[in-house]
Every structure is written in structure tokens, then in C-alpha cells.
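**Student:** Chains as they are written, first to last, in our numbering: chain A, 1 to 390; chain B, 1001 to 1390; chain C, 2001 to 2390.
Rather than coming from a laboratory, the hints here were simulated on the basis of the structure.
A couple of the hints might just be wrong.
To be verified - Pairs of lysine-lysine residues, derived as DSS-like cross-links and limited to a Cα-Cα distance of at most 27 Å, are as follows:
hint, chain 1, residue 1, chain 2, residue 2
1, B, K1085, A, K54
2, B, K1316, A, K316
3, B, K1085, C, K2085
4, A, K85, A, K54
5, C, K2316, B, K1054
6, A, K54, C, K2316
7, C, K2054, B, K1006
8, A, K6, B, K1316
9, A, K6, A, K308
10, A, K54, C, K2085
11, C, K2316, A, K6
12, C, K2085, A, K316
13, B, K1316, A, K85
14, A, K85, B, K1006
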Amino acid sequence: DQAETKGNLKIVSDDGNFSASLGGRIHFDTYLFDSDQVNAISTTEFRRARITLKGDIYDWSYILEQDFAGGSTLDGFRDVYLAHKFLDGEVRIGQFKPFRSMAEMTSSNELTMLERPFSSATGLYDGNQFQQGIGWTGVLDCFTLGMMAFNLRDAGTPRNEGLGAAGRLAWHPVNTDHETLHLGTSISYENANQNSSDLMAEADYAGRRGPSQLMALTPGDLGGDASTAALELAGSYGPLYLQAEYTVGGFEGNYYLTEEDFEDEFGAPAPFPCDPEFGCFIGDQTIHTWYVQGSWMLTGEHKPYSQKRGAFSSAKPSGDGLWGGAWELTFRYDTMENRDFDHLQANSTTVGLNFYANRNVRFMLNYIIGDDDFTGDGTDQLGFRAQIGW
Amino acid sequence: DQAETKGNLKIVSDDGNFSASLGGRIHFDTYLFDSDQVNAISTTEFRRARITLKGDIYDWSYILEQDFAGGSTLDGFRDVYLAHKFLDGEVRIGQFKPFRSMAEMTSSNELTMLERPFSSATGLYDGNQFQQGIGWTGVLDCFTLGMMAFNLRDAGTPRNEGLGAAGRLAWHPVNTDHETLHLGTSISYENANQNSSDLMAEADYAGRRGPSQLMALTPGDLGGDASTAALELAGSYGPLYLQAEYTVGGFEGNYYLTEEDFEDEFGAPAPFPCDPEFGCFIGDQTIHTWYVQGSWMLTGEHKPYSQKRGAFSSAKPSGDGLWGGAWELTFRYDTMENRDFDHLQANSTTVGLNFYANRNVRFMLNYIIGDDDFTGDGTDQLGFRAQIGW
Amino acid sequence: DQAETKGNLKIVSDDGNFSASLGGRIHFDTYLFDSDQVNAISTTEFRRARITLKGDIYDWSYILEQDFAGGSTLDGFRDVYLAHKFLDGEVRIGQFKPFRSMAEMTSSNELTMLERPFSSATGLYDGNQFQQGIGWTGVLDCFTLGMMAFNLRDAGTPRNEGLGAAGRLAWHPVNTDHETLHLGTSISYENANQNSSDLMAEADYAGRRGPSQLMALTPGDLGGDASTAALELAGSYGPLYLQAEYTVGGFEGNYYLTEEDFEDEFGAPAPFPCDPEFGCFIGDQTIHTWYVQGSWMLTGEHKPYSQKRGAFSSAKPSGDGLWGGAWELTFRYDTMENRDFDHLQANSTTVGLNFYANRNVRFMLNYIIGDDDFTGDGTDQLGFRAQIGW
């Protein structure tokens, strides 16, 4: 059988019926905070340190991915599923990402900025990036489809009877080597049930490990639900790239918090009068979040589009730039708002510079200006990443 | 050197002195409960998600297996040992299974039902599936032997001074491509000591993650001991297979529990009068457990017998069945009883259907009717597994 | 591409631009204590159970090493970094060992005794074996250099703003197949800051999992610092080998402990009068530690010297000894002292015997005579290791 390496281990059987590979990635970060009201601790950290086993066995396949940066091996589960070829795509069973948010569909190896925007599991689907269930994804002509029905858990969250479903449709009417136009939409529905964790939206408005603003909360054990609908618009033209997403989310409420608990959870006193006996009433909460991000490849490369993911990948360095790599200027404006609570809004403005040493190695620098309207906090972060994937 | 894959990664040196492989398995389960007295939570769960490194170095070998479904990496240790060829077998040092119970010796990839019966570490040797020590196993003519002396711990349990030993002898007077007859016996002795965990027998009578009935308890730190003796009878004939095991266990007692503690531990009030001052006296406890399980390969395949393990493996699909795979009807009756306490008995009756897509991929469906005489609980479970091994 | 194995998996691309390998190691220990004042629990234990992924991608490389004996995957991080060739060496970014102490630079696969002496992270740099940061190491002529600037943490310790730096210079004026002379020096500086863990020196004077004597303590959150300077002298001549290190360390103090806390931390009452109001004053603490260790290869082999590490490796068995392997007699005297506290001194005297079955497999036996002057404890340990590395 044939052995191959591009930094990984791969073997393909001569008859083509079997293949297996072992890859991985290391993302090593440094965060320096300019703290305001909240005391954020500057530090270094492994953002990701993963091994990825993949294989094909006739028309079945598996992926078993573990992130050692997860702490426990259960928290470290990423894509872990078996799949079967079906209708120009594959049926998956196990743990994988529900199909929602273009930002979420982008591989962590291919991010433009250090972190994904609020419309992903970084914010709106806080902590629910991976779920366990069954789904199908495939590419039909110039459409990328994905749908999943899931139990409301990943390997690291408690066993529970919550259920959800999500689906996404992406359309790329234009997709050449020089330019791409992408339109997309996704919906998600999650119904908490016995032993479910809380459904929450949070805004980490000053980058990872900085302060976090709770935006909406549906208690896990009361049987409430949360749903979202999103629109995506993105495109690339030569060395330029632009991507925007707008998402509306509804979080079921109808419960009371004591004034102390409200302040603990939301970081500031309730901006409305609370009942002296029952406490602060939390009704249904509507979340609006959107972002615009873009980049300019200073060295002229073009960001390719992955039809399989329905999302952009990173440009391959042409090797003509300074130090033989590619250079990219990046920016993003990201905002999230709960219109049911006065001033419950957080924004992030980020500018960045990426250096791609080769297809596997890159360095990223972000300056994030955070702004929390609810607490008045204005923490900033300078973030740096050294990354290798193989 | 030669690279090979059947879904795994394997390299064998040209001189045959070295070889190494990286395999793994994913078992993804769904449990739906029909609860009775106890509120069992229906859920999905990774039953196993393992990587397995194996290698040969001259006449030495190693195996390093980690189950990411274990939670902590210490709880994830499975077979982890080095071995040396010796007398038609191998001497092992490290962590592996004590040689006791035919069900235990069956690989988790080759189980007929979702879970092993009570006579294994699922019940009688609760939580003591793997132990650390030294042992030898080998095949002599039509006998499979195994013996191990061990410290009473695996990597995930506390350091302690408990010691144990177990041995097993299996005989297959008939073993052809069409029929096999198997007889076996095993004994085990465990002596708790300083810092040892409790020695317990438990009956998970409604499947995994369902209710659990404590059957016997020897406190770990008091220096008590537990011992078992087992008889095995099994056979296959064409597409039919039958396996039965009978085990008697003795758990040393001679301690008192308060009435509250008794009810906490055993799930119901003590069925005998307790001393008002000292509490409920627990003397020596005798456990009887046996099961009968069998299956019929609807598509006609034959279950092979592994001489090395002294246990049955799964049939290889001939490819002629519905959806190109093999189909198997299965059943089991499993019971465990502590005759020293009135009504302390639990039973499981299971029927199931297995579909083997190919040698690596299978799906299992079990309906388990649980019955706990002691508490009167009658929880049932519908369990489903998607499995791939490579 | 080319597949290779010596018990590991390795693939090298035909053009030499890429390579990848998967190795590992299992170290399985048994500790038997002859306890004195402290009740040490005899036990078996996996000292190490690691997988190691390495790869080269053009002039970049990575290493991702996880020790499953760590408990959590964060505690299991060992060498995890990306590196770039630079000036006859490599620049590293990520997690690796600060360059200090010859004993620390010795691979755990190549240790002469079961554990490293006090002058390493086993004692003087307690718990700070790996740190996160950036550094360079290389070989220039007959000099081995290494320097690192780091955040005061590894993946398993809390995020904090502590910083440190360490550097080492080793010189081998003589290095032939028959004899080696080594001189070396290293310095280290660590400055605790917000959220840093305590900086501590400890003496595990009766081997691993035995009693531990705290030797010096700089609280982590008060911004104190710790610094060390070390001298190394080592050499080999035919089958003989000798290695010695002397280190002075300064731990900043200037804080008070209550009398109870002092006894809890140091294991005995304060040997000086404490203030009735503030408690026991801990000023700056000066640590002296040194060891001498050596060995005689009974079967005549010679211990090679690794220029890259600036440290000795293990002899390769010639195959002529008893059972076809190599045999080695070993000894060490190790001592650590805090001269600011009366009688705060601990010593270890170890004799040992190693058997090398082949290049990958070895067995080690140590008898350790422990002596704690501060508490008067004299626990001894008999330790045994079965080891395989690939």
C-alpha cells in the first residue's frame, strides 16, 4: 500500500478501498489585555492542540478528533463520527457541528481573525459548537446543504433529554479562481429538557479569556427553547474578501431571578424594576447579532472557496512576499444586542495582520477594541497566534 | 518498509523485526428509557472512542490504548503493557484484564449485545475491568490459559496496597469452521488493603446509564477480600451460537451500616432488623450470577472462535443480506442474586438485532427488560449503537 | 513516499521536504516503602504513558507530545511546539523545558536512576518542568546552548502574568567513542505575578509518591521572584560514568505564616520564635543542592553523549550479557538544604541496577535511603520500572 506525508501520516491501499491518516494542529496564543473595569489576566495559552484520525473503509468513513487543550478527554471531543456516502454527500452519525452560521462552518485552521464572530458558538450558541446526532451534508450543483437532528449535548456536557435541529443552505452563483459570490441562510431550533444545560448567548467582546457579557439565558431544566435564523452574504475578488452575517435569535424566558442573581449573571443591576417578592422577571429575549469582516492579501493571493463547507479557506502563499510568505490585512466589526433589556449590547472592532509562512504555518496578530454598553466596560486585547496544521 | 491499511495505519519492517500500527474504535450509543420507580435520563453517548497503538520490537511488544470516552486520561487507560514472548504465549507487565469471565475476555468490538452480562466487570467485578500487574497468557494445544497477579487498581483508581490474582482455563475440544464447543473455568481473589477502593458487585439491570442495584459490598480500607469461581459452557453450530456462564462470589463483610446508609447504598430499607445502637450488620455475602445468551445469524454466517482469547468473535458478513450486510437475532437472560439478603436479586432479559455492514461497521439494537426484586423497580431500555472499528 | 518502523510509525517524503512520525513510551513502576514517620502507600503506577507526534515541513517542524499519565489532557502536555531552523539550531515557540540543569535536559527515556535529582523540576523547580514561551537551542562547535523566555505556566497551571527566563551553556572539550568530558552552567530567573502559582522547592527524598519536604516557598500572587545558578561537571571513560551538579537558588520571601500553617507546609514546627500577632516571618530563602551520580556498565558498554542535549544518553546493549542484554550498576548521593532555617535539609542515597534488553526495552531497580533532617523522617523506597520506548 502507498505511504504519503505532507507533515502527516497517510496510507492508501492499492485497491483504493481503504485509507487512513493521522494529522493534527497546534495553535499557540498570547493575550495581552488593556483592562478597563474588569481585571483580565494576560497570558499565553494553547488554543488548540489536536490529533485527527481519519479513515475510509469502502463507502464508510470515520473521523476521531481530540483536542488536548480541552482539559478532560470528554471536553476534547471534536469531530467524532462515522459516515456513509449518500446522495452526493454523506450521512453522519456521532458528534459534529450543527449546520448553522458561515463562520462556524469555517475550519479553525482557516480563520481570518483569532476567534469566530458572535454569530457562532463563540457567542450566540455559547458552548454548543458540537452536538451529538445524525445529519447529512452534501454539494448539489452550486448549492451546499447541511442538516442535523441532535441531542442537546456534546461529549463534555451532561446527559440530558434536550433535542434540537439545524439546517443550512449556501449558494455560490459565481465561483472562479478569481472571484466568488456566496449567499446563504440557516435556521436552528433547540429545545431544552430534563437535565439540559442552560441555553445562553454570550459576547466575549474583548477576545478570548477577556470579559464576557451574558446576552440571553434560557434555563436548561425548565424545558424552554431557543431558535435562530441567519442570512449570509460573502464574496471575494482577487486579493479582496468580504463576509457578513445577520442573525436573529429568540430565547424563551418566563422566569424570575433575584436582584443579586441578575447582577451576578449579567454583570450590572437590572435596568428595569424588579418585583420585591419574586425578583426580576425575565421574559422572552430577542437577540440581534451581525458582523462584517474582510481582508486584503497584500501579496496578491486569492482566498479560495470550499464548496464542501460552503465557506472560505485561506490563501496559499505564492512565496513572493517578505520572508517568502504571504501577508494579509484584516478587519471586523461585530455586534450583539438584546433589545428586551435597555443597553444590553456589546461590540468588537478588530484589525489584524496575518503572515503565512507556507500552507501549514501561519502567524496572526489582532488588536480588538471591546465595548460593553451594559456595564460600560471597554477592555481591549492584543492577541497573537503561532499556528501549524498538518 | 511496508505500509498497510485496512482503515488503520500499519508499517512492517522488511526484516520482520519491527512493526507498528495505529487503530481505533468509535461506539456511539442512544439510550431510551421506559422508567419505572427510578427516573433514568434518555440520552446519546459515546460508549467508546479509542485509539490503539501496538508494536513489535524483536520478541517484545507493546500496546498503548486510550479511551477518550473515559473523561480523564487516567480513566481512559485500557490495555497498556509491554510483553515478551514466552512459552507459546506472552508475559505481560502493565495494565490489562485479569483472566476471569468468558464475557470479559470478549473484545468490546465483538460483543453480541450492547453490554457484557453481570458476571463481568459490568457487575460482579464492578469497576475492576483492568488491573495493574504481571501475567501470562497463551494457547497450548486446545487450551487457552491466562493468569495474572495484580495490584488492586487501574490507572484511574487511587494508589493502594490491595492485591489480587486471577486465572482462567478454557478448553475447546471441538473447533472447526462449522462448529465449536467450549468449556471453561476461572477463579479470582482480591484482597483489599490500605487505601483500596470498595469491592462491589452491582447489577445495571436496565442497561448502561440506567438504574443500578448494589448486590454486595466489601469496604476497601478494612482489609476484607472477595473471591469468585466460574464455569463456562458455550458452542456454535453453523449460524447458531449459545453461551452460558455461572459464577459464585464471596464478599467479606463483618461491618455495620446505619439504616440511612443501608438505604442509600442498597436503594431500599434493610430487609432484616438492625441494631438500634450499631446499625445494620453486614456479614459475609454470597453472590450467585448466571446468564444464557445466544444468537442466530439470519444471513447464515458462522461466528468464529478466537483461540487466543478463548472466546467468540463476530461473524464476517458474506455480503448477501439486505443492504449487502449480515443480520443477527440475539437474546440473553441474565440474573444476579445475593442470597444473604431477602429479595436482593436483579434480572435482565434482552432481545436484539445486529446489522453488520462490513467487517468494521455494525449497528446494534437491544430491548432490555429490567427487574429489580429488592426495590421493585422495572425500568426498561431501548438501546442503539453505531460502531466502527479499525 | 518511504514508510519506516523501529517500533514506531514514520513516513518520509521522497523529496525530503516532509516527514512525520508517531512514537511513544510506557514506564510502569512499582514502589515499595519502608515507612518511618510518614505512612507512604506502596503501589504500582504508570510513571509515563506518552504518544509523541513529530513532523518536518520544509524548514519548519512540530512536536505534539501527550502523557496520558497526566490525568487531565492539560496536565499531559509535554513538548508541544513549532520550530524553525535558525543559526545551527532552532527557534521554538510553544511549550518546552527551560534550559537549566543537566539532569533536566536528560530525556526521561535515558535516565540513570528512576527519578531526576533535586536540582531539576523534581525538586528545585518543583512542578515547573515545562513552560510556555519562545527560545532557541543549538550546537556551536563543542558548545551546546539554550535560552528561553517564558510565561510562568505550562498547559496545566493557571493563566497568569508571571514571567521568567533561563539559559544554559554546556562545553564538551573531549567527546570520543571512548571518553567524554562535560562542563556546564545555567541560570534561571522567575518572577511571579498576578495569578501565578507558588514558586516552591521540594525534596522527595524517598522517591516518587513518598514523603515530600518543602524547602522554600515564594507565594505566587505577591510578585516575588526566584533565581538559580548551577555548575555541571560530568564525564565518561569506557564503561564508567560520573555526573555532578551544584545549584544555588534564592527564593524571595518577606511574608508571615501562622504557626499552624508553617507546620502544615514544612511538616514540623518553626525552628525559630514566631510573632504572637503576625505569625512566623519567612524572609528570603537560600537553597543549596548538589548531587553526584555514576554508573558502571558491567557488560562493558559505553554511555554516549548527546551534543544536541548537552547530556548523556544510555548505552546500547552489545548483546553479550546475561539474557542477551546489558547490565549497569548505579549510585547517587543527592542533598538539598535551606540554610536560613535550622536543620532544613534532606538527603537521598540511591543504589541501583539496570537491565537493558535492547535499545527500546529496559528494567530498573533502585533502593533509595531517604533522610529528612527537619522532621527526622527516614523513609526508604524500593522502586522498580519496566520501560519501553519507541
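**Student:** Decide, hint by hint, whether the structure agrees.
**Tutor:** Right, here's what the structure says about each hint:
1. K1085(B) x K54(A): Distance of about 32 Å is beyond 27 Å: violated.
2. K1316(B) x K316(A): Not satisfied, since the Cα-Cα distance of roughly 45 Å exceeds 27 Å.
3. K1085(B) x K2085(C): Violated, because 43 Å separates the two Cα atoms, which is more than 27 Å.
4. K85(A) x K54(A): Holds - the C-alpha atoms of K54(A) and K85(A) are around 15 Å apart, at most 27 Å.
5. K2316(C) x K1054(B): 23 Å, holds
6. K54(A) x K2316(C): 37 Å, violated
7. K2054(C) x K1006(B): 23 Å, holds
8. K6(A) x K1316(B): 35 Å, violated
9. K6(A) x K308(A): Holds, at about 21 Å.
10. K54(A) x K2085(C): 30 Å, violated
11. K2316(C) x K6(A): At roughly 33 Å apart (the allowed maximum being 27 Å), K6(A) and K2316(C) break the hint.
12. K2085(C) x K316(A): The given pair, whose Cα atoms are some 22 Å apart, holds under the 27 Å limit.
13. K1316(B) x K85(A): Holds: K1316(B) and K85(A) sit about 22 Å apart, inside 27 Å.
14. K85(A) x K1006(B): Satisfied, since the Cα-Cα distance of roughly 18 Å is no more than 27 Å.
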